[in-house]
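Peer 1: The residues making up each chain are set out below.
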Amino acid sequence: MPTVLELTRSSSLVFSGTVVERGTSTVPAVSPSQRLVVVRVDRALRVDPILGDLRGKMITVAATAPETLTPGQRAVFFTNSWIHGRGIAVREVEHVDVREEDRVAAAVGQLPQVHLMDRLKSAELVVDAEVERVSPVEKRSPERNVALWADAELRVRRVLHGTATQLTRVYFPTADWPPWTTAPRFRERQRGVFILHQPDRDRTLSEPTLEAGSLIALDPADFQPESELHRVEELLATIAAEGGSR
Amino acid sequence: MRIFRIVNAVPNDHSNETNNDSEPSIAVNPANPHEMVITAFTQPDSGISNGPVYFSTDGGENWNLRFDVPGGMPRDQSVSFATTSNELYMAAIKAGGTQLDVMRSADPSTGATFPLIEPERSKIDQPWMQAATVIGGPDNG
Numbered sequence: 000m001p002t003v004l005e006l007t008r009s010s011s012l013v014f015s016g017t018v019v020e021r022g023t024s025t026v027p028a029v030s031p032s033q034r035l036v037v038v039r040v041d042r043a044l045r046v047d048p049i050l051g052d053l054r055g056k057m058i059t060v061a062a063t064a065p066e067t068l069t070p071g072q073r074a075v076f077f078t079n080s081w082i083h084g085r086g087i088a089v090r091e092v093e094h095v096d097v098r099e100e101d102r103v104a105a106a107v108g109q110l111p112q113v114h115l116m117d118r119l120k121s122a123e124l125v126v127d128a129e130v131e132r133v134s135p136v137e138k139r140s141p142e143r144n145v146a147l148w149a150d151a152e153l154r155v156r157r158v159l160h161g162t163a164t165q166l167t168r169v170y171f172p173t174a175d176w177p178p179w180t181t182a183p184r185f186r187e188r189q190r191g192v193f194i195l196h197q198p199d200r201d202r203t204l205s206e207p208t209l210e211a212g213s214l215i216a217l218d219p220a221d222f223q224p225e226s227e228l229h230r231v232e233e234l235l236a237t238i239a240a241e242g243g244s245r
Numbered sequence: 000m001r002i003f004r005i006v007n008a009v010p011n012d013h014s015n016e017t018n019n020d021s022e023p024s025i026a027v028n029p030a031n032p033h034e035m036v037i038t039a040f041t042q043p044d045s046g047i048s049n050g051p052v053y054f055s056t057d058g059g060e061n062w063n064l065r066f067d068v069p070g071g072m073p074r075d076q077s078v079s080f081a082t083t084s085n086e087l088y089m090a091a092i093k094a095g096g097t098q099l100d101v102m103r104s105a106d107p108s109t110g111a112t113f114p115l116i117e118p119e120r121s122k123i124d125q126p127w128m129q130a131a132t133v134i135g136g137p138d139n140g
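Chains Y and G are the protein sequences, given in the same order. Following numbering that gives the first Met the number 0, the numbering of the first sequence begins with 0 at its first residue and continues without gaps. Following numbering that gives the first Met the number 0, the numbering of the second sequence begins with 0 at its first residue and continues without gaps.
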């Protein structure tokens with residue numbers, strides 16, 4: 000059985016709830032069936048903020064083992080969204096005893112740090128720096144939906160991982176269409192920790208347009224404010240103790 | 000006089016989303032006009048690895064959002080129903096790239112999945128899906 004953290008990472012909707020009914024559906028588009036279980040949400044543990052407050056709402060769960068769930072039973076459900084319409088239907092990944100609720104909540108709380116750890120492990124360069132100058136980069140591809148790169152010159156105060164010159168350049172997208180919408184946008188005089196990666200030649204059309212050796216920041220976690228410097232240093236020390244970056 | 004009703008296809012529980020749901024594609028099942036499908040640059044909820052598709056089974060009165068399209072955050076997509084079989088065909092480019100997936104689903108509402116029916120193709124932009132029944136020849140039907 001996967002760990003609680005693994006279950007949490009692989010589930011988009013995690014909640015504790017009480018089984019209300021078996022074999023029915025709260026979503027008109029989903030026909031009742033034996034594998035469905037209606038669950039009242041008692042505590043939302045991992046929910047996209049778009050969905051708002053789900054407490055007290057009925058969710059239809061396509062259960063992996065519906066026979067193990069009985070009305071009145073409380074459990075923590077690891078699920079992924081299936082249908083959203085007049086009601087919510089989800090597919091169950093797993094459920095655990097409700098006594099695990101606080102442990103699951105702690106695992107959810109760890110997710111940003113786990114993600115930051117992943118970004119640090121895969122980083123080419125991590126620096127404590129300040130943006131000196133931001134300049135647009137000439138569009139290098141005729142394709143639509145390109146990144147519209149800009150480059151930020153960083154005055155490096157301290158190298159935390161990797162090798163850097165005093166002036167390091169990072170490319171970041173300025174396009175406001177997918178998949179670039181969540182990337183960090185840098186401005187002059189911005190200070191903090193920059194977690195920089197090599198472009199992935201196969202992932203998008205825009206990354207191969209950058210020269211070899213370029214560094215980019217695409218993930219929201221690739222910039223951390225100065226207040227997070229100590230935490231980043233601690234995580235890098237942990238990574239080094241575990242055997243280093245990948 | 001024709002009367003057009005404007006219907007918000009975004010489900011109520013997603014009303015907080017402020018993404019740019021642009022470049023839509025819509026398909027109506029010719030064998031059952033109550034069945035409709037919409038795709039757009041709608042982002043999956045956080046933590047979801049599959050992309051979304053909107054569907055209606057009551058002629059567009061009510062819409063549902065389903066997270067079952069392989070490939071995550073979608074880019075260009077085009078959808079079309081087969082003439083008589085109720086099957087939905089979808090051409091979708093994976094986020095950021097030019098890799099084209101061509102899929103067919105027996106039930107775009109709740110039941111079936113979206114399996115690939117062709118190997119992925121690369122360097123494709125703005126696909127257009129058209130489903131038709133072949134009349135005559137080796138592919139008849």
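Honestly, the hints are just simulated from the structure, not real lab data. Treat the hints with care, since some could be wrong.
Calculated lysine to any residue pairs in the SDA-like style (CA-CA distance at most 20 Å, straight line) [what the hints assert, rightly or not]:
| id | chain 1 | residue 1 | chain 2 | residue 2 |
| --- | --- | --- | --- | --- |
| 1 | Y | K120 | Y | V130 |
| 2 | G | K122 | Y | R202 |
| 3 | G | K122 | Y | L110 |
| 4 | Y | K56 | Y | H114 |
| 5 | Y | K120 | G | H13 |
| 6 | Y | K56 | Y | L110 |
| 7 | G | K122 | Y | D199 |
| 8 | Y | K56 | G | K122 |
| 9 | Y | K138 | Y | P207 |
| 10 | Y | K138 | G | H13 |
| 11 | G | K122 | Y | L209 |
| 12 | G | K122 | Y | K120 |
| 13 | G | K122 | Y | E142 |
| 14 | G | K122 | Y | T17 |
| 15 | Y | K56 | Y | R42 |
| 16 | Y | K120 | Y | R42 |
Peer 1: A separate judgement is required for each hint: does it hold in the structure or not?
Peer 2: Now for the hints, and whether the structure bears them out:
no.	hint	result
1	Y:K120 / Y:V130	violated, 23 Å
2	G:K122 / Y:R202	holds, 12 Å
3	G:K122 / Y:L110	violated, 35 Å
4	Y:K56 / Y:H114	violated, 29 Å
5	Y:K120 / G:H13	violated, 34 Å
6	Y:K56 / Y:L110	violated, 25 Å
7	G:K122 / Y:D199	holds, 16 Å
8	Y:K56 / G:K122	violated, 45 Å
9	Y:K138 / Y:P207	holds, 13 Å
10	Y:K138 / G:H13	violated, 35 Å
11	G:K122 / Y:L209	holds, 18 Å
12	G:K122 / Y:K120	violated, 31 Å
13	G:K122 / Y:E142	holds, 10 Å
14	G:K122 / Y:T17	violated, 49 Å
15	Y:K56 / Y:R42	holds, 10 Å
16	Y:K120 / Y:R42	violated, 33 Å
Hints 1, 3, 4, 5, 6, 8, 10, 12, 14 and 16 from the earlier list are contradicted by this structure; the remaining hints agree with it.
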